[in-house]
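Chains as they are written, first to last, in my numbering: chain A, 28 to 360; chain B, 28 to 360; chain C, 28 to 360; chain D, 28 to 360.
Since the hints were derived computationally from the structure, they do not count as laboratory data.
Because the structure is a prediction, the values reported are computed rather than measured.
There may be inaccurate statements among the hints.
Copies of the same chain are indistinguishable here, so a pair counts whether it falls within one copy or spans any two.
As the list claims (entries may be wrong) - Straight-line C-alpha distance at most 35 Å; calculated DSBU-like pairs for lysine-lysine:
hint: 1; residue 1: LYS33; residue 2: LYS77
hint: 2; residue 1: LYS179; residue 2: LYS221
hint: 3; residue 1: LYS90; residue 2: LYS181
hint: 4; residue 1: LYS77; residue 2: LYS351
hint: 5; residue 1: LYS49; residue 2: LYS179
hint: 6; residue 1: LYS146; residue 2: LYS102
hint: 7; residue 1: LYS77; residue 2: LYS179
hint: 8; residue 1: LYS351; residue 2: LYS179
hint: 9; residue 1: LYS49; residue 2: LYS196
hint: 10; residue 1: LYS196; residue 2: LYS90
hint: 11; residue 1: LYS102; residue 2: LYS90
hint: 12; residue 1: LYS179; residue 2: LYS228
hint: 13; residue 1: LYS33; residue 2: LYS196
Number of protein chains: 4
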Amino acid sequence: MIAVLKRGVTPEQIRQLVDWLKSMALDVHVSEGRDLTVLGLIGDTSRIDKELLESMEIVGSVKRVSDPIRQANRKEPATNSIIEIGNIRLGGGYFALIAGPCSVESEDQIIEVARAVQKSGAEILRGGAFKPRTSPYAFQGLGAEGIRLLLKAKEATGMPIITELMNIKDLPLFEEIDVIQIGARNMQNFDLLKEVGRLRKPILLKRGLASTLQELLMSAEYIMSEGNEQVILCERGIRTYEPYTRNTLDLSAVPALHELSHLPVVVDPSHATGKISLIPSMAVAATAAGADGVMVEVHNDPAHALCDGAQSLTPAQFDELSRKIFRIREAIQ
Amino acid sequence: MIAVLKRGVTPEQIRQLVDWLKSMALDVHVSEGRDLTVLGLIGDTSRIDKELLESMEIVGSVKRVSDPIRQANRKEPATNSIIEIGNIRLGGGYFALIAGPCSVESEDQIIEVARAVQKSGAEILRGGAFKPRTSPYAFQGLGAEGIRLLLKAKEATGMPIITELMNIKDLPLFEEIDVIQIGARNMQNFDLLKEVGRLRKPILLKRGLASTLQELLMSAEYIMSEGNEQVILCERGIRTYEPYTRNTLDLSAVPALHELSHLPVVVDPSHATGKISLIPSMAVAATAAGADGVMVEVHNDPAHALCDGAQSLTPAQFDELSRKIFRIREAIQ
Amino acid sequence: MIAVLKRGVTPEQIRQLVDWLKSMALDVHVSEGRDLTVLGLIGDTSRIDKELLESMEIVGSVKRVSDPIRQANRKEPATNSIIEIGNIRLGGGYFALIAGPCSVESEDQIIEVARAVQKSGAEILRGGAFKPRTSPYAFQGLGAEGIRLLLKAKEATGMPIITELMNIKDLPLFEEIDVIQIGARNMQNFDLLKEVGRLRKPILLKRGLASTLQELLMSAEYIMSEGNEQVILCERGIRTYEPYTRNTLDLSAVPALHELSHLPVVVDPSHATGKISLIPSMAVAATAAGADGVMVEVHNDPAHALCDGAQSLTPAQFDELSRKIFRIREAIQ
Amino acid sequence: MIAVLKRGVTPEQIRQLVDWLKSMALDVHVSEGRDLTVLGLIGDTSRIDKELLESMEIVGSVKRVSDPIRQANRKEPATNSIIEIGNIRLGGGYFALIAGPCSVESEDQIIEVARAVQKSGAEILRGGAFKPRTSPYAFQGLGAEGIRLLLKAKEATGMPIITELMNIKDLPLFEEIDVIQIGARNMQNFDLLKEVGRLRKPILLKRGLASTLQELLMSAEYIMSEGNEQVILCERGIRTYEPYTRNTLDLSAVPALHELSHLPVVVDPSHATGKISLIPSMAVAATAAGADGVMVEVHNDPAHALCDGAQSLTPAQFDELSRKIFRIREAIQ
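Pulled out of the complex, with its shape left as it was, chain A reads as follows (with noise of 0.2 Å):
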């Protein structure tokens, strides 16, 4: 930790500044230029308050050189995390798409669409249980019952599942689900990641609304502490000004947090921008900026989805799509 004084302080005023550091078991560099004086402070920085620091009168800034991140921080320039996903690879070079239903609603529905977005391309079976909802009033999903026909779909057609989790009392339910997904809102739900961190499977983590990529990093953070290194990250959109899209999809995002981060990234388009007019061109953007998988709402009748039907494509339009985004893909290579 770097402390930039402000001009004009006095030695004494010095004197009493490292002292109190120096209280707080800290090892205190002080360099003194025509100028200005810097402290260099080193040892266990992370109990100093760097906002109280810069309200000392006689502080000018403060500046944190040690990363807080341990875990999810890019360490090797070459070396990125490779997700497992039953006999699916994601991360690292290995790009996965991801589709299915806002929300399960059938067993018919959900196997059907299994079908034809695998058909399609698609490796990995996403669909809503749980689903936050921001009233009480509006359907909250299946629950349970929306696990069961998951798993049904899988045992159907062999691919693994990412669906939600909101409550660590429901965890139970989560045995044989391949991929949990914590969703935007409880980005920063620290208990949730705290739970999540102490399993043995890959966590989906979304960016919350208006969360900084390096709080998202911080989150997975939490997870990884715990002991769970399998996190991906979920850029999903946040939330700017602009009425015209739901939420603004950060595409710079993917290639920012590849550069701080070892994690793979993944990008939802569907919930980002709320219109299926502009869900194909931000999955093949999100594509070519370098993400490792893409994940798309496809319901087989979007008109009669319970939620979210808006932002649904039907499988038709995510066949189209899926092709382009592998010539995208070999296009990049």
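Let chain A serve as the given structure and place chains B, C and D on it in line with the hints.
Relative to chain A, chains B, C and D alone:
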């Protein structure tokens, strides 16, 4: 729900859409004008996905007419909820000052701060026992021990206590706590909301960093729909592009929430600004804007606070602020 | 324009509102349903203040039906404007790569960069002569001399030139410039828009840092309403809370603007991200999203660039990027 | 300027960087600690591109130490600029109420409103003659005729006038105008700023919709660097994701700007909220926050206002508000 159709739709297209809507058990009132056709949908329109309807080729725009908020919304112009907290009242003309440290650190600290803020006119003591922290490596609060110390301070001063609940499983510890705080990061942790909805004690619900007023009210509705009507709304700053303050305090939320809802509104300027120098002005402005309470961080030794010291006032600063707040209360009567 | 009245309005109240609306020379079509009354306003509703109408006691909500955009909006599904820039075409299936330095610095520099990017496939040369800078003390560009050097580079390479105009009084200097850029900060400098609307040469209009797509189109409309139909829209990143990138590139603006308008859309990933390491991925993603052009900063010696060196690619980096972009163009055909 | 180098840099790498920095005519002070090396750069560092330096492989982070703001920034703790407007003073303890219609519409209207607001305690009359409008088809103000009518009202009441200038060429019309307003959309129209910097009359500079406080001050600096020191800063709401208010009024800007600058700060709650019902609370809160002036839209007949009627108070509403504002002024002394 009102759907305005695009120009040039054919009678056959209208008929198909009306049939589909009727198949969802809705009454449809068709109003054809010279230039445009308007459909009025009557019945349980909460089953209709507004965005799906809008995405249909012949539909220009859709507008919900009925308010999705049933219990939190304002019904009578002049009736405001009054929340009773011990002997204290908050809302409907009653104003309360809430103060205390970010984190409970020791018995001496919390009792000393409690006595000081009480002397300056604070009626409710706040203090963090369970702390939501971005990093898993940061100080996470004293937990159960912190709750115990808060109750010691309650015993010593008679002040009712407000503290944050993060995890349903900790609920038994909160038996004697007077007001349970749901933090900004958990505003859409719907299972937690439902759980505290089953209690019969006041809940202080903080607005999420990127939550709209409508979403804040829907989250209050989650609590109220389970039977707990004692909800206090709290504005604590929203995330914007401005880097000078930690968040941007949205004081227009105070009259806006009063317009939309009968629930009391409290403002927390400490977390919003993150800067000691800005807190007094914002506390005073919040009072002038009509807030039903103001919640301020106070620490007997901010320089050694274990968390957020940079945003804690000293007891002396709080005393000065408190006088100003009470003068403002008189001025706006 | 559609106004939905609140429940419980009296016939007398409706009559008064209708009379007032008729006094503004509008036809009013009243449609009374069981639960609600809808007014359809026909005529020149641009004279009505939508927010004023909404603020009236008996009015629930108001919705504009007619598009306030008359010339920039999409009319026929398949017809897109093609802008001719010298021998180059942009839009309607024609794609152009635009490259060059942030600032023109010397004759050698601009000609060297022009030759390099031309060899890599760039067809239009960009370079700043008048530079909008946040600080009055920062380098403001070479001005008239910069324009002269750009025209030298045009002479040497045959590439058409694009450069920014900030002040109407500089217009005479731009006679031989092929495309005039209106910068993000001037997107709502309406007098400047009207002035370039009187020209008959292509205008590249950059989206403001906090402008909606609707506002961008309304600004294009300012230019077109004066008779200049040659407008190119440019997405260059919007301001959000995320600090890792300078701005957040909103790539969904590409398909969204194509949906709303017939005008071509160019993406500038250099200013959006502000980081060399992210520019190639974003340029490639923009191409995949369907952009009609990509504009990239290239400098022969980024380390000594007088402005924005941190976001300039070297000619070698641009060459590699350019190959990737052309492969993507093929993949999305 | 301070550059912190990454761990593990070699002496040779440091030497190269230092040589390069010296070639830019800077003194470099090298401070090597056990774990890290810090470079202090002394001289005209405004020539250094901070982001370029940060993008270099061996550089961890860079921090500017000297303030880029030279004239607008606070120098002495207690000295605040006082702006003289006719006989009125604003800033440094002097508070002024500014009121008037959004647009000047007729001689009767502007004189009637002026007399009414003057009676209620307003000291400066505002009114729009040149109106920046998003759409080229909306009412653009009466222009020169509007200026003439404003001067009639000045003659009739003795109130000094504030009105917006959009185009340098209109400047001759503003000779007798007392305060020139630069609107939010023109806050970074740098040529316009320089032009009004050459005048010797007060300028009210509105914060842009997505401008940081630092950028607002840099724009004030543009005016001051040309010799005009009479700048009044104006907070008028920033753009956020919240749809309930037109913009989000950032009242923390008031104490923040007072902390950073000696210039007076005025708040405009009318444009910020866009809703009559929220304006009084926000005007009162702005006063409590320490604003040096409050600017409110008042119209004698809001229902027939040609623009922004929804945000105009009636003279009676303004009279009530004005009493409250003056009570608050007393309470915060």
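Here's how the hints hold up against the structure:
no. : hint              : result
1   : LYS33 <-> LYS77   : both (16 Å within a copy, 20 Å between copies)
2   : LYS179 <-> LYS221 : both (29 Å within a copy, 30 Å between copies)
3   : LYS90 <-> LYS181  : neither (50 Å within a copy, 39 Å between copies)
4   : LYS77 <-> LYS351  : between (48 Å within a copy, 30 Å between copies)
5   : LYS49 <-> LYS179  : between (62 Å within a copy, 33 Å between copies)
6   : LYS146 <-> LYS102 : neither (38 Å within a copy, 37 Å between copies)
7   : LYS77 <-> LYS179  : between (52 Å within a copy, 31 Å between copies)
8   : LYS351 <-> LYS179 : within (30 Å within a copy, 42 Å between copies)
9   : LYS49 <-> LYS196  : neither (45 Å within a copy, 39 Å between copies)
10  : LYS196 <-> LYS90  : neither (41 Å within a copy, 38 Å between copies)
11  : LYS102 <-> LYS90  : both (21 Å within a copy, 25 Å between copies)
12  : LYS179 <-> LYS228 : within (20 Å within a copy, 43 Å between copies)
13  : LYS33 <-> LYS196  : neither (52 Å within a copy, 44 Å between copies)
In this structure, the hints that do not hold are numbers 3, 6, 9, 10, 13, in rising order.
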